[in-house]
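Participant: Chain residues, written in single-letter form:
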Amino acid sequence: MDWHQLWAILSAPDNIPIVAIAFLVPFYSWLAFRQARANDRLIAQLEADPQLAKTHHRKTYPWKPGWLKEVHTWPYLMRMEFLAALIVTVILTIWSITLNAPLEELSNPNLTMNPAKAPWYFLGLQEMLVYFDPWLAGVVFPTLIIVGLMAIPYIDANPLGSGYYTLKQRKWAIATFCFGFIVLWIVMVFIGTFLRGPGWVLFRFGRTWDPTYQPYAVNRDLPDIFHITSMTGKAIFGALVVGLYFLVMGYLLHRLITRKGFNRKIYERMSLIQYLVMQFFLITMIALPIKIAIRLLFNIKYVWITPWFNV
Amino acid sequence: MGAQTPVTPEKPEQGILPPRVREELNVLREKAKEDLEALKKPEKTQLFKSMFRVKHDESERSRALSVLTNVFFHLHPAKVNRDAVRYSYTWGMGGISFYLFIVLTFTGILLMFYYHPTKGQAYRDIIYLMSDVPFGKLLRNMHRWAAHLMVITVWLHMFRVFLTGSYKKPREFNWCVGVLLLVFTLLLSFTGYLLPDDQLGFWAVTVGTNMARATPLLGAEGPLGPQVGVTPYNDVHFALLGGSIVDSNALLRAYIWHCIAIPVILSILLAVHFWRVRKDGGISGPAPVQLESEMKPERKF
Ligand code: HEM
Chain A
481 MDWHQLWAIL SAPDNIPIVA IAFLVPFYSW LAFRQARAND RLIAQLEADP QLAKTHHRKT
541 YPWKPGWLKE VHTWPYLMRM EFLAALIVTV ILTIWSITLN APLEELSNPN LTMNPAKAPW
601 YFLGLQEMLV YFDPWLAGVV FPTLIIVGLM AIPYIDANPL GSGYYTLKQR KWAIATFCFG
661 FIVLWIVMVF IGTFLRGPGW VLFRFGRTWD PTYQPYAVNR DLPDIFHITS MTGKAIFGAL
721 VVGLYFLVMG YLLHRLITRK GFNRKIYERM SLIQYLVMQF FLITMIALPI KIAIRLLFNI
781 KYVWITPWFN V
Chain B
327 MGAQTPVTPE KPEQGILPPR VREELNVLRE KAKEDLEALK KPEKTQLFKS MFRVKHDESE
387 RSRALSVLTN VFFHLHPAKV NRDAVRYSYT WGMGGISFYL FIVLTFTGIL LMFYYHPTKG
447 QAYRDIIYLM SDVPFGKLLR NMHRWAAHLM VITVWLHMFR VFLTGSYKKP REFNWCVGVL
507 LLVFTLLLSF TGYLLPDDQL GFWAVTVGTN MARATPLLGA EGPLGPQVGV TPYNDVHFAL
567 LGGSIVDSNA LLRAYIWHCI AIPVILSILL AVHFWRVRKD GGISGPAPVQ LESEMKPERK
627 F
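Chains as they are written, first to last, in the working numbering: chain A, 481 to 791; chain B, 327 to 627.
Source of the hints: derived by calculation from the structure; they are not laboratory data. Idealized CB from N, CA, C, for every residue including glycine. A hint or two may mislead.
Just a sample of chain B residues kept apart from chain A, beta carbon distances all over 12 Å, derived [stated by the list, open to error]:
id : residue
1  : 363
2  : 370
3  : 550
30 Å max Cα-Cα, derived DSS-like pairs, lysine-lysine [claimed, not checked]:
id : chain 1 : residue 1 : chain 2 : residue 2
4  : B       : 622       : A       : 549
5  : B       : 445       : A       : 648
6  : B       : 370       : A       : 597
7  : B       : 381       : B       : 367
8  : B       : 495       : A       : 539
9  : A       : 651       : A       : 781
10 : B       : 405       : A       : 544
11 : B       : 622       : A       : 651
12 : A       : 651       : A       : 771
13 : B       : 359       : B       : 381
14 : B       : 370       : B       : 357
15 : A       : 740       : B       : 622
16 : A       : 539       : A       : 651
17 : A       : 534       : B       : 357
18 : B       : 366       : B       : 381
19 : A       : 549       : B       : 445
20 : A       : 745       : A       : 539
21 : A       : 651       : A       : 745
22 : A       : 648       : B       : 495
23 : A       : 539       : B       : 405
24 : A       : 534       : A       : 745
25 : B       : 622       : A       : 745
26 : A       : 740       : B       : 370
27 : A       : 534       : B       : 495
28 : B       : 405       : B       : 495
29 : B       : 357       : A       : 597
30 : A       : 781       : A       : 597
31 : B       : 366       : A       : 549
32 : A       : 544       : B       : 622
33 : B       : 375       : B       : 405
34 : B       : 495       : A       : 745
35 : A       : 539       : B       : 605
36 : A       : 534       : B       : 405
37 : A       : 549       : B       : 381
38 : A       : 549       : A       : 648
39 : B       : 495       : B       : 463
40 : B       : 495       : A       : 549
Please take these sequences and the hints and turn them into a complete structure.
Facilitator: The structure is reproduced here in structure tokens:
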């Protein structure tokens, strides 16, 4: 364990936000989880007792008959906003007095920074560059993320869980989003910050970043393993593998989605377009860890090779 | 109003001032007393009334009006869901993001006074800012850390909107506006990275914009790019940087995107975002829980 190296990374002023995320995301996840649990208990209680459901105010917050449903913005909301602004200002001021924004040497195109890292919030995409070509990691994935996020409200056909925290009523949606947000985005930012050293080499947590260290690895392409040498053969083979993956994964997901009572009900509410778009994004998302795994475990670089692009 | 009967001096001949002047002074003194008295009730002054237009007492009407008649506050409705003011529901992250945007605009304008977007000068300006400008270091730090913080708060805001299902009907469109806000927040931060013209920014932007070369069809190194006649001198990478490498044109472009174009776009999107929060029925919750057994069958068109 090289504590010095660890401290150098942790205490770099530009890495402070990432250290902050390490606390903030778990904290807010816990806050949401706690409220979701409370609501889920209430939902279970009301489902079991239709008579109570008719009279209950249906929130986990205190309630007395005669209480108004609404309160005045001034002062009840605005004092909270004022307080929030005040606290943020104090935090920001202390942070700005104690930590200086870094300034490196004057830019020099002839002296490459090693490692040359993108700003921390894009490290997830930079991490993908290891496993995918730039046109995928740098262009297609960001586009898919933006389009995929925008598609969420239009493919989520589940009407429950609007305006309150819940886990039970929205298992699929929440699992999918957390997979995308926490595993594919936040965790990648952490890997990029803490584990990627000079040469973008993966260093174990706390290992010294030795700029001369180059792990020995010979990457192969999937068609090579099957001794396919002709260009046409590789292109067709890759298309088959990718197509097969989509079919098999789509089928498995379909089985999973249509299996149980509630999921099936939601599935029945979906139009074909909604369903296919959802399937496409799910299958694509799952493909990322799979590609990472086959690279790390089997040193496979490309699955699909064509004269124009490689996947 | 007006002067009271002047007190008849017992020995008028003793004063230095002639009686007529003394009488006038008395009038002035009375006026001053009245003004001081009025200061105890500032809300009754013409100045105050002209500014705030309504009474600020604790009556229902005044509380509502104080929000509705103020151009800054009227983004709010007069009343809100009683449970929505709890921190645990919204985490205040949208509001904090907006506040940080204001902080960034304010510190950003101050920074612009000390910065020239030209190669050579830009880096010197930052050095000068940190060593010679009063509070220059604080200014730069605050701009930098607020930018980082805003990225985090926007993420958390999105996370909370998702977890509360607040993108569901009728808020689908506002979620999409939100996604655009996220994209432009990140771009705003990214374009700012280059401006100090140091190694960190230079290489981060070089790495970042290199991806544009690989754009399918539009990048010189992207799939099908060369096939449709795209070269390093006419692809999107060139358009972004105003050249084939990160140099003085790129600095100027980053500056204009960062200080003018993106803030303007973001402000417009924010206006739409806030407007839609109101028009979509205010904050989504905390709403009464819905039950599976009461789920209505879907309306097909
Ligand atoms: C610059 C960034 C943003 C700012 C300043 C902002 C600001 C706000 C504010 C002040 C609210 C009121 C409720 C609250 O504070 O939670 C709000 C609500 C909302 N925001 Fe944002 N937002 C931003 C980005 C986003 C993003 C990235 C998304 C989603 C992808 C989003 C989606 C929504 C939705 C759907 C609502 C309505 C929520 C509800 O009714 O509960 N916003 N936003």
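Participant: Give a verdict on every hint.
Facilitator: Here is how each hint holds up against the structure:
Even its closest Cβ contact with chain A, about 29 Å, leaves residue 363 of chain B beyond 12 Å, as expected for a residue assigned away from the interface. No beta-carbon of chain A is positioned within 12 Å of the beta-carbon of residue 370 of chain B; the least distance is around 20 Å. Listed as a non-interface residue, residue 550 of chain B fails to keep its Cβ farther than 12 Å from every Cβ of chain A; the least gap is roughly 6 Å. Distance hint between residue 622 of chain B and residue 549 of chain A is fulfilled; the C-alpha atoms sit about 25 Å from each other, no more than 30 Å.
For the suggested pair residue 445 of chain B and residue 648 of chain A, the alpha carbons sit about 57 Å apart, so the restraint of at most 30 Å is broken. This hinted pair does not check out: residue 370 of chain B and residue 597 of chain A have alpha carbons roughly 61 Å apart, beyond 30 Å. Restraint check for residue 381 of chain B and residue 367 of chain B: satisfied, since their Cα atoms lie roughly 12 Å apart, inside the 30 Å limit. Using a Cα cut-off of 30 Å, the hinted pair residue 495 of chain B and residue 539 of chain A holds, with the two alpha carbons roughly 20 Å apart.
This hinted pair does not check out: residue 651 of chain A and residue 781 of chain A have alpha carbons roughly 34 Å apart, beyond 30 Å. With a C-alpha separation of about 19 Å, the suggested pairing of residue 405 of chain B with residue 544 of chain A holds against the 30 Å cut-off. Straight-line distance between C-alpha atoms of residue 622 of chain B and residue 651 of chain A comes to about 20 Å, which keeps the hinted pair within the 30 Å bound. For the suggested pair residue 651 of chain A and residue 771 of chain A, the alpha carbons sit about 26 Å apart, so the restraint of at most 30 Å is met.
The straight-line distance between the Cα atoms of residue 359 of chain B and residue 381 of chain B is roughly 25 Å, inside the 30 Å bound, and the hint therefore holds. For the hint pairing residue 370 of chain B with residue 357 of chain B, the CA-to-CA distance comes to about 17 Å; that is within 30 Å, so the pair holds. This hinted pair checks out: residue 740 of chain A and residue 622 of chain B have alpha carbons roughly 19 Å apart, not beyond 30 Å. For the given pair, residue 539 of chain A sits about 20 Å from residue 651 of chain A by alpha-carbon distance, which is consistent with the 30 Å threshold.
Only pairs whose Cα atoms come within 30 Å are accepted, and residue 534 of chain A paired with residue 357 of chain B is rejected, the gap being roughly 67 Å. Taken as a hint, the residue 366 of chain B and residue 381 of chain B pair is honoured in the structure, with Cα atoms around 16 Å apart against an allowance of 30 Å. Between the alpha carbons of residue 549 of chain A and residue 445 of chain B the distance comes to roughly 59 Å, so the proposed pair goes past 30 Å and is violated. This hinted pair checks out: residue 745 of chain A and residue 539 of chain A have alpha carbons roughly 25 Å apart, not beyond 30 Å.
A hinted pair counts as satisfied when its Cα atoms are at most 30 Å apart, and residue 651 of chain A with residue 745 of chain A qualifies at roughly 14 Å. Proximity of residue 648 of chain A to residue 495 of chain B is assessed by CA-CA distance (about 20 Å); at most 30 Å being required, the pair is judged to hold. Proposed proximity of residue 539 of chain A and residue 405 of chain B is supported: the alpha carbons are some 19 Å apart, at most 30 Å. Under the criterion of a C-alpha separation no larger than 30 Å, the hint pairing residue 534 of chain A with residue 745 of chain A is consistent with the structure, at around 24 Å.
Among the hinted pairs, residue 622 of chain B with residue 745 of chain A is consistent with the structure: their alpha-carbon atoms are about 11 Å apart, no more than 30 Å. Between residue 740 of chain A and residue 370 of chain B, the direct Cα distance comes to roughly 68 Å. Violation of the 30 Å bound is thereby established for this hinted pair. With a C-alpha separation of about 24 Å, the suggested pair residue 534 of chain A and residue 495 of chain B falls inside the 30 Å cut-off, and the hint holds. At most 30 Å may separate the alpha-carbon atoms for a hinted pair to count; residue 405 of chain B and residue 495 of chain B meet this at roughly 22 Å.
Note on residue 357 of chain B and residue 597 of chain A: the hinted pairing is violated, with a Cα-Cα distance of about 71 Å set against a maximum of 30 Å. Between residue 781 of chain A and residue 597 of chain A the alpha-carbon distance is near 22 Å, which keeps this suggested pair within the 30 Å criterion. Distance check on the hinted pair: residue 366 of chain B and residue 549 of chain A sit about 37 Å apart at the alpha-carbon level, beyond 30 Å; violated. A distance of roughly 29 Å separates the Cα atoms of residue 544 of chain A and residue 622 of chain B; the hinted pair therefore holds under the 30 Å criterion.
Between residue 375 of chain B and residue 405 of chain B the CA atoms are separated by roughly 24 Å; this keeps the pair inside 30 Å, and the hint holds. Pair hint residue 495 of chain B plus residue 745 of chain A holds up; C-alpha atoms about 18 Å apart against a cutoff of 30 Å. A threshold of 30 Å between alpha carbons decides the hint, and for residue 539 of chain A with residue 605 of chain B the separation of about 24 Å falls inside it, so the pair holds. Between residue 534 of chain A and residue 405 of chain B, the direct Cα distance comes to roughly 26 Å. Compliance with the 30 Å bound is thereby established for this hinted pair.
Proximity of residue 549 of chain A to residue 381 of chain B is assessed by CA-CA distance (about 25 Å); at most 30 Å being required, the pair is judged to hold. Pair hint residue 549 of chain A plus residue 648 of chain A holds up; C-alpha atoms about 27 Å apart against a cutoff of 30 Å. The straight-line distance between the Cα atoms of residue 495 of chain B and residue 463 of chain B is roughly 47 Å, outside the 30 Å bound, and the hint therefore fails. For the suggested pair residue 495 of chain B and residue 549 of chain A, the alpha carbons sit about 22 Å apart, so the restraint of at most 30 Å is met.
Violated hints for the displayed structure, listed by number in ascending order: 3, 5, 6, 9, 17, 19, 26, 29, 31, 39.
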